[in-house]
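Participant: The primary structure of each chain is shown beneath.
Protein chains: 2
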Amino acid sequence: MSRTPPHPDVSQIDLQSVLEAVVDPVRRSIVTQLDAAGHDIKCGDFDLPVSKSTATHHFTVLREAGLIRQYYVGVARLNALRRADLDRALPGLLDAITG
Amino acid sequence: MSRTPPHPDVSQIDLQSVLEAVVDPVRRSIVTQLDAAGHDIKCGDFDLPVSKSTATHHFTVLREAGLIRQYYVGVARLNALRRADLDRALPGLLDAITG
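These protein sequence lines map, in sequence, to chains A and B. As numbered in my numbering, residues 3 to 101 make up the first sequence, in order. As numbered in my numbering, residues 3 to 101 make up the second sequence, in order.
Keep in mind that the hints were calculated from the coordinates and are not lab data. Certain hints may be false.
Some, not all, of what chain B presents toward chain A, calculated at C-beta under 8 Å [unchecked claim]:
{"id": "1", "residue": "Val63"}
{"id": "2", "residue": "Glu66"}
{"id": "3", "residue": "Leu92"}
{"id": "4", "residue": "Pro93"}
{"id": "5", "residue": "Leu95"}
{"id": "6", "residue": "Ala98"}
Note that the Cβ used here is the ideal one computed from N, Cα and C, for glycine as well.
If we strip away everything but chain A, and leave its shape as in the complex, we get (with noise of 0.2 Å):
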């Protein structure tokens, strides 16, 4: 069984899902700290205002819209920005939301 949990395929990413998901301030910023930082963040690693549980909704409809790519090392879950993906499906939109 793979640990990978599924994510659209860039053809599948759509503006009304990805609008869905930054309108939330918590899940924007978790997109925003991602492209500040320049490389991919584990979980507990963000600055969120929300509890763990909370959280993890979030980052389940960041990855489910398109935004953010989840894979594990170890027991860690890792979260990377899918700039390229979304640069090709939305061109402009993420650019101006982390602007």
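Place chain B on chain A using the hints.
Facilitator: Okay, now just chain B, sitting in the frame of chain A:
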């Protein structure tokens, strides 16, 4: 008494309010129709799948977020896309949404 409803100044346009406005598909359709038309449009002349009163609410949300400017010509309320203000406040966002 002025018949022009209140509008935020360009300096008051913020990402959160704009995202909350455009996350709604009907409101995004209003913005897209204004962008495609290239001219101001009367409230009654949009192609929208909602009642007149619901549409009025959507126009108000868009106006209060700074996406559209509303003004009267006689008894008709017209809507203008605030493209220049939006491009200044949130560069690239409008293009990403209407693209």
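Participant: Hint by hint, note whether the structure agrees.
Facilitator: For each hint, the structure was consulted:
The restraint placing Val63 (chain B) at the interface with chain A is violated, with a minimum CB-CB distance near 13 Å, outside the 8 Å limit. Hint status for Glu66 (chain B): violated, given a least beta-carbon distance of 16 Å to chain A, over 8 Å. Of the supplied interface hints, the one on Leu92 (chain B) holds, with its beta-carbon coming within about 6 Å of a beta-carbon of chain A, less than 8 Å. A distance limit of 8 Å between C-beta atoms decides the matter here; for Pro93 (chain B) the minimum to chain A is near 6 Å, and the interface restraint holds.
At a threshold of 8 Å, the smallest CB-CB gap from Leu95 (chain B) to chain A is about 4 Å, leaving the interface hint in force. Because the smallest distance between the Cβ of Ala98 (chain B) and any Cβ of chain A comes to about 4 Å, under 8 Å, the interface hint for this residue holds.
Violated hints, listed in ascending order, are 1 and 2; each of the other numbered hints is respected by the structure.
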